[in-house]
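This is what each chain is made of:
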Amino acid sequence: MDAMATRTLIDFRTDPTCYKHWRIEFDGPVAHLIMDVDPNGGLVPGYELKLNSYDLGVDIELHDAVQRLRFEHPEVGAVVLRSGKDNVFCAGANIRMLGQSSHGHKVNFCKFTNETRLSIEDATENSGQTYLCAVSGPAAGGGYELALTASHIMLIDDRKSSVSLPELPLLAVLPGTGGLTRMTDKRRVRRDLADVFCTTEEGVRGKRAVAWRLVDEVIPPSAWAETVAKRAREAAARSDRPRDAKGIALTSLERRIDGGSIRYLLVSVDCDSEKRRAVITVHGPTEPVPDSVDDAVAQGAEIWPLAMARALDDAILHLRLNEPELGLWVFRTEGDPAAVLAYDAFLETHATHWLIRETTHFIKRVLKRIDVTSRSVVALIEPGSCFAGTLAELAFAADRSAIFAGEASGDNKPPATLTLGAANFGTYPMGNGLTRLQTRFLGEPQSLAKAQTAIGAPLDAEAANDMGLVTFAYDATDWADEIRIMLEERASFSPDSLTGMEANLRFPGPETMETRIFGRLTAWQNWIFQRPNAVSATGALQRYGTGQQADFDRNRV
Amino acid sequence: MPDGMTIDYDGLIPNNVDLATDQRVRKALETWHPGYIDWWKDMGPEGFQQSLVYLRTAIGVDPKGWAKFDYVKMPEYKWGILLAPAAEGRTIPFGKHKGEPAWQDVPGEYRAMLRRLIVVQGDTEPASVEQQRHLGATAPSLYDMRNLFQVNVEEGRHLWAMVYLLHKYFGADGREEAEELLQRRSGNQDTPRMLGAFNEATPDWLSFFMFTYFTDRDGKMQLEALAQSGFDPLSRTCRFMLTEEAHHMFVGDSGVQRVVERTVQAMQQAGITDPTDIASVRALGVIDLPTIQKKMNLHFSLTLDLFGNEISTNAANAFNAGIKGRYREDKLDDDHALIDATYPVLRCIDGQIVEQQAPALSALNMRLRDDYVKDCESGVGRWNRVIEKAGFGFRLKLPHVAFNRAIGEFAAIHADTEGNLLDGTAWNERKGAFLPDDADAAYISSLMVPVHETGKFASWIAPPRVGIDNKPGDFEYVQIVQ
Numbered sequence: 001m002d003a004m005a006t007r008t009l010i011d012f013r014t015d016p017t018c019y020k021h022w023r024i025e026f027d028g029p030v031a032h033l034i035m036d037v038d039p040n041g042g043l044v045p046g047y048e049l050k051l052n053s054y055d056l057g058v059d060i061e062l063h064d065a066v067q068r069l070r071f072e073h074p075e076v077g078a079v080v081l082r083s084g085k086d087n088v089f090c091a092g093a094n095i096r097m098l099g100q101s102s103h104g105h106k107v108n109f110c111k112f113t114n115e116t117r118l119s120i121e122d123a124t125e126n127s128g129q130t131y132l133c134a135v136s137g138p139a140a141g142g143g144y145e146l147a148l149t150a151s152h153i154m155l156i157d158d159r160k161s162s163v164s165l166p167e168l169p170l171l172a173v174l175p176g177t178g179g180l181t182r183m184t185d186k187r188r189v190r191r192d193l194a195d196v197f198c199t200t201e202e203g204v205r206g207k208r209a210v211a212w213r214l215v216d217e218v219i220p221p222s223a224w225a226e227t228v229a230k231r232a233r234e235a236a237a238r239s240d241r242p243r244d245a246k247g248i249a250l251t252s253l254e255r256r257i258d259g260g261s262i263r264y265l266l267v268s269v270d271c272d273s274e275k276r277r278a279v280i281t282v283h284g285p286t287e288p289v290p291d292s293v294d295d296a297v298a299q300g301a302e303i304w305p306l307a308m309a310r311a312l313d314d315a316i317l318h319l320r321l322n323e324p325e326l327g328l329w330v331f332r333t334e335g336d337p338a339a340v341l342a343y344d345a346f347l348e349t350h351a352t353h354w355l356i357r358e359t360t361h362f363i364k365r366v367l368k369r370i371d372v373t374s375r376s377v378v379a380l381i382e383p384g385s386c387f388a389g390t391l392a393e394l395a396f397a398a399d400r401s402a403i404f405a406g407e408a409s410g411d412n413k414p415p416a417t418l419t420l421g422a423a424n425f426g427t428y429p430m431g432n433g434l435t436r437l438q439t440r441f442l443g444e445p446q447s448l449a450k451a452q453t454a455i456g457a458p459l460d461a462e463a464a465n466d467m468g469l470v471t472f473a474y475d476a477t478d479w480a481d482e483i484r485i486m487l488e489e490r491a492s493f494s495p496d497s498l499t500g501m502e503a504n505l506r507f508p509g510p511e512t513m514e515t516r517i518f519g520r521l522t523a524w525q526n527w528i529f530q531r532p533n534a535v536s537a538t539g540a541l542q543r544y545g546t547g548q549q550a551d552f553d554r555n556r557v
Numbered sequence: 001m002p003d004g005m006t007i008d009y010d011g012l013i014p015n016n017v018d019l020a021t022d023q024r025v026r027k028a029l030e031t032w033h034p035g036y037i038d039w040w041k042d043m044g045p046e047g048f049q050q051s052l053v054y055l056r057t058a059i060g061v062d063p064k065g066w067a068k069f070d071y072v073k074m075p076e077y078k079w080g081i082l083l084a085p086a087a088e089g090r091t092i093p094f095g096k097h098k099g100e101p102a103w104q105d106v107p108g109e110y111r112a113m114l115r116r117l118i119v120v121q122g123d124t125e126p127a128s129v130e131q132q133r134h135l136g137a138t139a140p141s142l143y144d145m146r147n148l149f150q151v152n153v154e155e156g157r158h159l160w161a162m163v164y165l166l167h168k169y170f171g172a173d174g175r176e177e178a179e180e181l182l183q184r185r186s187g188n189q190d191t192p193r194m195l196g197a198f199n200e201a202t203p204d205w206l207s208f209f210m211f212t213y214f215t216d217r218d219g220k221m222q223l224e225a226l227a228q229s230g231f232d233p234l235s236r237t238c239r240f241m242l243t244e245e246a247h248h249m250f251v252g253d254s255g256v257q258r259v260v261e262r263t264v265q266a267m268q269q270a271g272i273t274d275p276t277d278i279a280s281v282r283a284l285g286v287i288d289l290p291t292i293q294k295k296m297n298l299h300f301s302l303t304l305d306l307f308g309n310e311i312s313t314n315a316a317n318a319f320n321a322g323i324k325g326r327y328r329e330d331k332l333d334d335d336h337a338l339i340d341a342t343y344p345v346l347r348c349i350d351g352q353i354v355e356q357q358a359p360a361l362s363a364l365n366m367r368l369r370d371d372y373v374k375d376c377e378s379g380v381g382r383w384n385r386v387i388e389k390a391g392f393g394f395r396l397k398l399p400h401v402a403f404n405r406a407i408g409e410f411a412a413i414h415a416d417t418e419g420n421l422l423d424g425t426a427w428n429e430r431k432g433a434f435l436p437d438d439a440d441a442a443y444i445s446s447l448m449v450p451v452h453e454t455g456k457f458a459s460w461i462a463p464p465r466v467g468i469d470n471k472p473g474d475f476e477y478v479q480i481v482q
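First to last, the protein sequences are chains A and B.
Each residue of the first sequence is one higher than the one before, starting from 1 at the first, in this note's numbering.
Each residue of the second sequence is one higher than the one before, starting from 1 at the first, in this note's numbering.
So that you can see chain A by itself, here it is in the shape it has in the complex (with noise of 0.2 Å):
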């Protein structure tokens, strides 16, 4: 059975009372977040996760629980990753699932648990909420991965716990879910071990699992309790978040879907699947901004930067796993550019705080989302439209972009500017580590620094064209021809080769361990992923547990 071909709508809106795979203890500044698969509890039929494997269900779920820790947890300065189960911490990716997956399945799964990991520790850096991992039991594959996001990893010396990437050996596919990466690049394991690490099925135990800098110590079962206890104790105390604030509760977002309209209160997403796209349009604020950080944290989730953030979060994750011949997504924003701008102000004023902290990271995610999302997107900078600041990195992420000139005839809406803002010149960085706006100025700092002057200043078509900040600027007689025919061409291309063109471009300039798990690790897992050797009747995906081995094709490619 074909996960996607059954289109069991996918919804990435949970909370823990829904949680049937992960539970949160606490226990003051240290919060556990225990993971204890439920074998039954697959998305969709047809597999068992066995032995604390998952699927994209499990992963939902831990997204949300990190995000939950942050928003809602003040209090908790660290969080330790373990697992609920006696006998195995986590055996990764479940391999019936895979076996059974869409191309397409693997990849949205594999990219939604790439961006979970990252956003764990974007906690550890950012957020002052720093995840350690306990390993006891075999961490296999992407239950290595998974404690390879954990700044400290502890594994357990019973002479049975390991940590391994069997992938390669066992399934014929690539540790992808930044396994690779993580080891070479954050962990810095020396090539040739991480070579012959990667190719033991059985993978490493004990001393030379820290030899090899696989994990960071080894304890002995005797002393595992009290030092897992001390070590969490330890980073929760180098915290900078308030250990006596209250959190905010994320409250159930809210979201009709009818027919090919999904209706959230700051987000409005209109599908049109005879022309293969999705028109996402974003409201900016109505109300004014808080007082003062208090009235912030009073509002909640419902205040307007955090509430925007997770509709569009939840649109783009909803569009990309469950629209995915909707090849194009056109964003749009409607509103007054100077309250988005109120916003980003009130956000910058109070920066330090750990609730504006969380929400300034939270929206550079998000945004993080749409440079790595295999859609096309344009931007339509119209009248009525605020592409101020935070919500101009909506343009900047865009592949490209038009900006409507002068007037429309019998409208009274304003007329389309762009504004930049100081978040658009270092809160959001890229995966790659520079700003939009750096990116996009990569062969001209001249560029750059001229539009660093125009902070502020409504930009309108003319002034935003000669800037370089948009792609494309037309006035009323063009404008809908040549928008009509932009999208309907776009629409027309091979999604392949559109895919690996956007990925291509949007990442100019340095290299990340980010961008290399995305522009790399996953680009060579997905090739992998269509190759016979892995995926075939006869490869090694669809053998594995029939204890019948591969048949592979021997010639390198």
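Honestly, the hints are just simulated from the structure, not real lab data.
This one's a predicted model, so the numbers in the text were calculated from it and none came from an experiment.
Be a bit skeptical, because a hint or two may be false.
[As the list claims (entries may be wrong)] Beta-carbon label-pair distances, calculated as ranges:
no.	chain 1	residue 1	chain 2	residue 2	range
1	A	Asp-86	B	Gly-285	36 to 46 Å
2	A	Ala-245	B	Gln-356	22 to 32 Å
3	A	Ala-211	B	Gly-285	35 to 45 Å
4	A	Gly-84	B	Val-354	23 to 33 Å
5	A	Phe-493	B	Val-354	46 to 56 Å
6	A	Ser-536	B	Glu-176	51 to 61 Å
7	B	Ala-201	A	Arg-554	24 to 34 Å
8	A	Lys-160	B	Gly-381	47 to 57 Å
9	B	Ile-37	A	Ser-536	48 to 58 Å
10	A	Lys-160	B	Gly-171	17 to 27 Å
11	A	Glu-202	B	Ile-37	26 to 36 Å
12	A	Arg-554	B	Arg-116	54 to 64 Å
13	A	Ser-536	B	Asp-335	20 to 30 Å
14	A	Glu-202	B	Gly-285	27 to 37 Å
By construction, the Cβ of each residue, glycine as well, lies at the ideal position given by its N, Cα and C atoms.
Assemble chain B onto chain A, guided by the hints.
Okay, now just chain B, sitting in the frame of chain A:
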């Protein structure tokens, strides 16, 4: 020059594998040897290392040669490397390489799999010696003490057998694993043995008999499956180990039977008609049948866990690769490939125990376990005949396979010994009725007093019908030197 049948006793290590001309392996084993002797002295039978024990030592690997009896101090026992004779022109009997010549060297692609199987098997051998090391002090007779030590030295030899394979065929990794086999300790929190049942204590002699009956029988099944291996040195090693393992089965089988015999005899003599009248039976200084049943329940269920998950990719891989076969593979009449075959497996679906057909390759653990359960029944039948002949209605019975499990399908549920599901509360309430509790343990422990006089036996166990090596009843099987 050994012909593979006689054993070379000239060197430090008796062997029939031509160690004299295999410098590399001989050196490796001689390097390992002192560590082994240290381990034996530290962790082998406590308190009787200087005693002279009437032990059998193999002097040849043919049926006539492998049982020569003499008095020996255990640390001076001739542990050696003994392989069953090579079968001329042997081919791989099953899996995808079926019909190809059996491997005399490890195929690179199966190296890790083979090493893992050998290490796990090897780990159980010293483990049981460690588990049983205190039992000498409470032996119910010199006969039993000798049997215990025979089992112990042979488990030690089985460790040698596995270590030889590791040294000979697995290079530096193999040597490292061989070293670790001496480092792990049964029941130690920090350095436990690899399998659960081998970290449980063997606190008393009834446990010892149950262990040798049930748990060593798992060893037998594993050895039987490995004896079929396409990797010929492993096959030959295991074939010879099985001849020794048979004695361990005998110790357990006859041991439990003698306990049962003594119990029914005492009941008859005292005129007790109700075997479940535990207090009255215990007043006779024998072990009541319900407690024997509880011990069976414990050891049987712990041992079932050793068979692993019912559905197992590792087992499927090992079979298809020609590494580990089925019980008596050579006697089975099918294609020995099992690609399209199915096998019925008991599974736990939505909290219910149901039988499902599963791919036969994936279900090999289940199949071996089924064969094991059948094999267990034979002894239970014999024990029951003793009870029946004595005129009691009580019958011992193997518990349901779902009972008291920590690994596999039934790990997540509780079931009684009949296989009826119980919730957590019911389980906690009734657990004491199924498994030995503290009071049972204390009672059995109170019976564990040593009997060192030749020909005498503790109150709770009957003498054997026949002596070892046909020795008379008053033979001094152990000359105790403290």
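Quick rundown of the hints versus the structure:
One distance hint, 36 to 46 Å for the beta-carbon pair Asp-86 (chain A) and Gly-285 (chain B), holds here, with the actual separation near 40 Å. Separation of Ala-245 (chain A) from Gln-356 (chain B) is about 53 Å and departs from the stated range, judged on CB atoms against 22 to 32 Å. Taken as a hint, the range 35 to 45 Å is violated for the pair Ala-211 (chain A) and Gly-285 (chain B), whose Cβ atoms sit roughly 58 Å apart. Evaluation of the 23 to 33 Å hint for Gly-84 (chain A) and Val-354 (chain B) yields a pass: the beta carbon distance comes to about 26 Å.
About 52 Å separates the C-beta atoms of Phe-493 (chain A) and Val-354 (chain B), a value consistent with the hinted range of 46 to 56 Å. Remark: the range hint 51 to 61 Å for Ser-536 (chain A) to Glu-176 (chain B) is contradicted by a beta-carbon distance near 38 Å. Judged by the Cβ atoms, the range 24 to 34 Å given for Ala-201 (chain B) and Arg-554 (chain A) is violated: they are separated by roughly 53 Å. Range check, Lys-160 (chain A) to Gly-381 (chain B): about 37 Å between beta-carbon atoms, so the 47 to 57 Å window is missed.
The hinted range of 48 to 58 Å is satisfied by Ile-37 (chain B) and Ser-536 (chain A), whose Cβ atoms lie roughly 55 Å apart. Taking 17 to 27 Å as the suggested C-beta distance range, the pair Lys-160 (chain A) and Gly-171 (chain B) conforms, at roughly 23 Å. For Glu-202 (chain A) paired with Ile-37 (chain B), a C-beta distance near 30 Å keeps the hint of 26 to 36 Å intact. Under the hint 54 to 64 Å, the C-beta atoms of Arg-554 (chain A) and Arg-116 (chain B), about 26 Å apart, miss the expected range.
A hinted range of 20 to 30 Å for the beta carbons of Ser-536 (chain A) and Asp-335 (chain B) is consistent with their spacing of about 24 Å. For the pair Glu-202 (chain A) and Gly-285 (chain B), the beta carbons lie near 51 Å from each other, so the given range of 27 to 37 Å is not met.
In this structure, the hints that do not hold are numbers 2, 3, 6, 7, 8, 12, 14, in rising order.
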